[in-house]
Amino acid sequence: MDSFLQSLNIQVITDIAIVALRILIPILGVIVVFQCYSSMRRQRRDEKPLIMLENAANGQVLPVLCWENSVGRAKGNDIVISDDLTVSREHCVILRRKEGWFISDTGSKTGTYVNGKRTEGRAPIYINDEITIGKDTFVLKRAQDYTDVNRSWFYRKEGGKEGIAPFALMMLISIFTLFMATEACLSIEATDFQPLIIFAVFMVVAWAFYIVSTQVFKRVGFELEGLALFLTAIGVMLSVRQGLHQTYVQIIACAIGMAVFCFMIKFLQNPDRVNKWRLAIMIIAVILLGVNIVFGSVRGGAANWIMIGGMSIQPSEFVKIAYIFVGASALDQLQTRKNFIVFIIFSAICIGALFIMSDFGTAVIFFGTFLMISIVRSGDYKTVVVSIVGAIFGGLLILRFKPYIADRFSAWGKAFENSADKGYQTARVLTYAASGGLFGCGLGNGYLKYVAASESDLVFGLACEELGLIVALTIAGAIGGLFFYARAITTKSRSTFYSISACCAAGLLILQTSLNIFSATDILPLTGVTLPFVSVGGSSMIACWGLLAFIKAADERTYSIKKR
Amino acid sequence: MFVFVLALFFFAGIIFFTANISINAGSWVQHSYNGHLSGSGGLEKAGKIFDRNGVVLAQTADGERYYNDDYETRLSTLHVVGDNSLNISTAVQSVYRSELTGFSYIWGLEMPETFRGGNNLTLTIDSAACKTAYEALGGMEGAVVVINYKTGEVLCSVSSKSYDPNDPPEINEDNEDEYDGVYLNKVLSSSYTPGSIFKLITTEAALENIPDIDSRTFECSGSAVIGGNEVTCMSSHGLIDIHDGLAQSCNIVFAQLAYELGRDKMTEAANKLGVNSSFDVGHTPTVKGNYNVKNADDNQLAWSGIGQYTDLTNPMQMCILMSAIANGGNRAEPYYVERMGGGDFEKQYPSEKNGEAMLESDIAQKLNDMMRYNVTSNYGDSMFGGLTVCAKTGTAEVQDGESNDAWMVGFVRDEDTPLAFAVAIEDGTFGISTAGPVAVAAVQACAEDMLANG
Ligand SMILES: [Zn+2]
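Just so you know, the protein sequences line up as chains R and Z, in that order.
In this text, residue positions in the first sequence follow my numbering: the first is 1, and each later residue adds one.
In this text, residue positions in the second sequence follow my numbering: the first is 1, and each later residue adds one.
Simulated from the structure, these hints should not be mistaken for laboratory data.
Glycine included, C-beta positions come from ideal geometry on N, C-alpha and C.
Mixed in with the good hints there might be a few duds.
Unchecked claim - Below, simulated SDA-like cross-link-like pairs (lysine to any residue); rule was C-alpha separation at most 25 angstroms, straight line:
id, chain 1, residue 1, chain 2, residue 2
1, R, K414, Z, F11
2, R, K422, Z, E173
3, R, K266, R, A208
4, R, K422, Z, N87
5, R, K266, R, W277
6, R, K414, Z, S22
7, R, K414, Z, P285
8, R, K414, Z, S89
9, R, K414, Z, F4
10, R, K109, R, N77
11, R, K422, Z, S85
12, R, K75, Z, F4
13, R, K422, Z, N172
14, Z, K48, R, Q11
15, R, K414, Z, K150
16, Z, K288, R, L196
17, R, K414, Z, K288
18, Z, K150, Z, F4
19, R, K414, Z, Y33
20, R, K422, Z, A247
21, R, K414, Z, A12
22, Z, K366, Z, A247
23, R, K422, Z, M340
24, R, K414, Z, S98
25, R, K414, Z, M340
26, R, K75, R, A57
27, Z, K48, R, L140
28, R, K75, R, Q11
Stated by the list, open to error - To spell it out: a stretch of chain R is covered by chain Z in this simulated footprint if at least three of its residues, at any positions, have a beta carbon under 8 angstroms from a beta carbon of chain Z; those stretches are:
id, stretch
29, 288-294
30, 339-348
31, 438-448
32, 509-522
Can you build the whole structure from these sequences, using the hints too?
Printed below as a string of structure tokens:
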């Protein structure tokens with residue numbers, strides 16, 4: 001018996017604990033992300049029509065489902081009037097605001113009439129008003145019948161279990177982070193309690209945010225915030241054993257990001273207010289880029305940093321938020337040509353500025369987002385213009401790319417052959433990612449952390465190495481899932497502004513994640529960009545929270561349930 | 001739409017990466033810069049490595065990797081066993097590191113010590129024979145390989161220069177000349193100008209393509225003009241047939257034959273006998289040799305038939321050719337690792353797979369007899385102390401003309417000691433005087449072990 005106890009010495013016990021943690025961390029990570037998304041799928045109002053349009057001639061009823069509805073002959077409209085050639089392809093928009101319902105003609109040939117009077121701009125409409133579009137006249141009716149139409153597959157059917165409560169989700173994330181901190185404490189090189197101190201600081205920030213969100217703003221959902229906290233926690237814990245200073249900066253940036261998030265949700269509440277600020281936002285963005293070009297300092301080949309009072313910031317990160325603001329707008333403004341041209345000019349300025357700074361990774365993100373926004377909002381003729389402009393941009397991209405990152409292209413797919421020079425980083429990412437196995441070699445035990453940029457551009461490899469492939473894939477899944485969520489909420493969002501901004505913010509985050517993961521792992525020959533929420537980098541962290549706000553704002557619950 | 005494409009691209013990329021890492025993780029981790037493996041790191045829990053007679057060549061004690069107690073045994077087996085680094089990429093400690101350390105992709109490389117367990121490897125080599133061969137080299141650089149041509153087991157494999165794995169040298173800019181090629185297992189990874197041993201390949205081409213070759217005679221007057229330029233011979237052999245031509249290693253006979261056979265038939269024979277091929281030894285491919293006369297003029301074609309011009313061959317490749325000649329045309333499939341853990345591993349018997357037919361059995365038999373005649377008529381049986389050996393030596397002028405590559409290749413014609421061998425030595429004088437004694441020492445040591453231990 002004695003010898004048995006002796007054989008179970010302290011070494012063996014810690015080893016067992018380490019292995020247990022390594023297995024528990026991925027399991028918990030998967031549970032957190034799964035709970036977030038399954039909760040998103042459950043919490044959804046029924047999709048019944050808001051009002052009805054009854055055709056005065058034949059009694060046929062058209063349901064009005066959205067807060068903003070396009071009306072016209074073209075198939076892409078929310079309400080299609082197909083058999084009448086006097087109706088324009090995009091004829092008008094019926095939209096709802098706090099004050100009530102409006103109708104707005106969007107440049108139709110034959111005009112839109114309310115009770116026999118031709119409308120100009122936004123005209124208020126009331127129940128039992130007669131609206132004339134082309135040859136047909138419709139009477140506005142209240143919606144009474146329940147019809148289940150156009151339900152996105154993303155959402156579950158009614159009934160079944162309730163989604164996870166925000167409090168429970170926060171607890172899960174806290175335990176997950178605690179496990180990571182404990183594992184980091186037991187690392188090979190250093191055994192101390194610094195990771196636990198970091199854990200405590202991070203938890204104070206996270207729980208403060210939780211309390212503000214649920215108690216002060218009385219928001220119901222916490223899934224998006226949960227995902228962001230989950231990713232941030234991973235980034236913070238990966239950073240602990242690399243440097244304490246950068247870790248604290250990361251937590252502070254996260255706190256600022258949370259504030260930006262709350263502010264933006266408040267700001268986004270009224271899409272028309274956003275529209276008024278559009279020009280100002282554009283000007284601020286251009287100034288930011290201008291300051292960057294003039295005062296920027298070079299780091300890692302790109303001059304995308306400026307120093308302000310001892311802090312280094314990356315203006316291009318904040319311009320991402322501005323870009324979404326400018327790109328998205330309400331449906332009735334969206335269909336005007338001027339609005340779109342302004343957007344194209346702004347895009348050209350942004351991408352051009354990024355080229356001057358040699359920040360090609362971010363330029364690709366902007367270009368991808370530009371295509372996304374154009375396609376999401378475009379009518380027919382615009383698509384053609386956009387494609388042409390897009391192709392020209394793409395061509396310019398490649399032309400400008402060549403001299404600068406020819407090295408990267410030449411080492412593409414041959415990381416190991418060039419492991420001493422051109423493929424240095426990618427070869428190490430692959431080797432160390434493979435060394436981690438499914439469960440990782442433990443936080444702080446990795447070797448990739450000694451390679452430059454491992455905390456930012458190569459962080460996916462670091463996650464593979466120290467936390468294992470399962471956690472790394474969970475990170476990818478957490479961000480990738482945003483796409484489906486954004487798609488689902490935007491089909492019936494309050495305003496096209498929300499639909500477009502949420503979809504494109506999600507698209508931007510996914511594009512950025514793709515670029516980060518695929519360039520680190522030698523699938524794409526590009527320069528690195530940061531991995532949203534996970535990479536160390538203050539500006540990037542704040543910008544990610546800002547982008548998340550667009551998605552949050554598109555969720556109907558964000559504003560509606562609060563009032564109860 | 002674009003957003004859909006993007007999401008599709010994203011998930012496809014993630015799946016691609018996952019598949020890629022699942023398949024390739026084993027090889028991705030095997031790089032010398034990998035911090036998880038450097039030092040004796042990664043080998044702290046590795047299993048033991050035994051030779052065929054149970055001699056421990058490498059083992060781990062108290063987290064340190066130790067190699068065989070005997071200094072010369074360590075040096076002679078270095079390139080087969082490997083050291084703590086991954087510098088010798090073909091050594092079993094590099095190739096089978098995962099198996100030795102118990103690496104599995106599921107757990108990665110940093111499993112806590114309590115849960116790590118490695119496998120033992122048993123090699124096919126006889127460390128005593130390796131030591132004998134290394135001593136016979138006496139500091140000369142080159143490669144020695146002896147295999148069992150019935151089973152494919154590699155019994156002796158030595159690459160020199162070598163170093164002590166218990167005390168590996170720091171190689172830096174100052175001493176890199178001194179240690180040039182030290183990380184190569186020359187048996188598998190070096191190729192040399194073959195010189196006269198290439199006459200075996202020219203002979204094969206002649207036997208196959210010239211029906212009356214046995215009755216043909218050639219005239220050697222010490223030199224001849226072939227293809228518009230001179231080809232020289234070591235002596236003036238007078239009237240000579242192909243049998244004596246091979247035994248006396250007359251350049252004129254084979255230069256004449258190569259010229260007569262032409263580029264296509266010579267290339268065909270070289271390809272058939274594996275000169276331009278790579279052979280898998282276990283999981284390690286041998287370096288390819290070279291026979292390319294596409295741009296050669298007629299005189300160069302003639303020189304190529306006597307193993308000069310741009311010809312190159314690799315020791316293991318020549319040893320495989322010897323096994324084919326000894327085995328009636330079917331080549332052996334050499335391997336270094338007999339067992340892993342308890343089970344058989346990478347074991348491939350020609351008797352089961354029946355090797356791969358490399359040349360026709362009647363031609364193999366003729367070559368076999370001609371190589372035997374080389375020994376009886378020229379080298380003398382006494383040299384091999386009672387073994388019935390068939391062999392061919394080679395002395396190749398290296399391109400720079402400063403020194404010679406000395407070769408001896410051959411096999412033992414005996415059911416009890418079926419040994420095929422190849423010896424290549426850099427900076428030698430003559431094949432017979434430089435490579436001969438080394439080959440004899442190595443083959444005799446292997447034969448003794450074989451007779452003693454069955
Ligand atoms: Zn001669």
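Comparing the hints with the structure gives:
1. This hinted pair checks out: K414/R and F11/Z have alpha carbons roughly 23 angstroms apart, not beyond 25 angstroms.
2. Proximity of K422/R to E173/Z is assessed by CA-CA distance (about 22 angstroms); at most 25 angstroms being required, the pair is judged to hold.
3. A threshold of 25 angstroms between alpha carbons decides the hint, and for K266/R with A208/R the separation of about 18 angstroms falls inside it, so the pair holds.
4. Between K422/R and N87/Z, the direct Cα distance comes to roughly 21 angstroms. Compliance with the 25 angstroms bound is thereby established for this hinted pair.
5. Straight-line distance between C-alpha atoms of K266/R and W277/R comes to about 14 angstroms, which keeps the hinted pair within the 25 angstroms bound.
6. Restraint check: the Cα-Cα separation between K414/R and S22/Z comes to about 18 angstroms, which is no more than 25 angstroms; the hinted pair holds.
7. Annotation: proposed proximity of K414/R to P285/Z holds, straight-line Cα distance about 20 angstroms (limit 25 angstroms).
8. For a cut-off of 25 angstroms, the pair hint linking K414/R to S89/Z stands: about 18 angstroms separates their Cα positions.
9. At roughly 30 angstroms between alpha-carbon atoms, K414/R and F4/Z are farther apart than 25 angstroms, so this suggested pair is violated.
10. Distance hint between K109/R and N77/R is fulfilled; the C-alpha atoms sit about 17 angstroms from each other, no more than 25 angstroms.
11. The suggested pairing of K422/R with S85/Z holds, with an alpha-carbon distance near 23 angstroms, which does not exceed 25 angstroms.
12. The straight-line distance between the Cα atoms of K75/R and F4/Z is roughly 20 angstroms, inside the 25 angstroms bound, and the hint therefore holds.
13. About 22 angstroms separates the Cα atoms of K422/R and N172/Z, which keeps this hinted pair within 25 angstroms; it holds.
14. For the proposed pair K48/Z and Q11/R, the alpha carbon gap of about 24 angstroms is at most 25 angstroms, so the pair holds.
15. Pair hint K414/R plus K150/Z does not hold up; C-alpha atoms about 40 angstroms apart against a cutoff of 25 angstroms.
16. Of the supplied pair hints, the one linking K288/Z and L196/R is violated, its CA atoms being roughly 57 angstroms apart against a limit of 25 angstroms.
17. For the hint linking K414/R to K288/Z, the alpha-carbon distance of about 22 angstroms falls within 25 angstroms, and the restraint holds.
18. The hinted pair formed by K150/Z and F4/Z fails the criterion: a straight-line CA distance of about 61 angstroms is larger than 25 angstroms.
19. Between K414/R and Y33/Z, the direct Cα distance comes to roughly 16 angstroms. Compliance with the 25 angstroms bound is thereby established for this hinted pair.
20. Note on K422/R and A247/Z: the hinted pairing is violated, with a Cα-Cα distance of about 54 angstroms set against a maximum of 25 angstroms.
21. For the suggested pair K414/R and A12/Z, the alpha carbons sit about 21 angstroms apart, so the restraint of at most 25 angstroms is met.
22. Restraint check: the Cα-Cα separation between K366/Z and A247/Z comes to about 13 angstroms, which is no more than 25 angstroms; the hinted pair holds.
23. For the suggested pair K422/R and M340/Z, the alpha carbons sit about 38 angstroms apart, so the restraint of at most 25 angstroms is broken.
24. For the hint pairing K414/R with S98/Z, the CA-to-CA distance comes to about 23 angstroms; that is within 25 angstroms, so the pair holds.
25. A threshold of 25 angstroms between alpha carbons decides the hint, and for K414/R with M340/Z the separation of about 32 angstroms lies outside it, so the pair is violated.
26. For a cut-off of 25 angstroms, the pair hint linking K75/R to A57/R stands: about 23 angstroms separates their Cα positions.
27. Among the hinted pairs, K48/Z with L140/R is inconsistent with the structure: their alpha-carbon atoms are about 86 angstroms apart, more than 25 angstroms.
28. The hinted pair formed by K75/R and Q11/R fails the criterion: a straight-line CA distance of about 70 angstroms is larger than 25 angstroms.
29. By the rule of at least three residues with a Cβ nearer than 8 angstroms to a Cβ of chain Z, the coverage given for the stretch 288-294 of chain R is violated, with 0 such residues.
30. Under the rule that three or more residues need a Cβ within less than 8 angstroms of chain Z, the assignment of the stretch 339-348 of chain R is violated, with 0 such residues.
31. Closer than 8 angstroms: that is the beta-carbon criterion, and the stretch 438-448 of chain R has 7 residues meeting it against chain Z, so the requirement of 3 holds.
32. Taking a C-beta to C-beta cut-off of 8 angstroms, the stretch 509-522 of chain R contributes 7 residues in contact with chain Z, enough for the three needed, and the coverage statement holds.
Hint check: violations occur at hints 9, 15, 16, 18, 20, 23, 25, 27, 28, 29 and 30; the rest are consistent with the structure.
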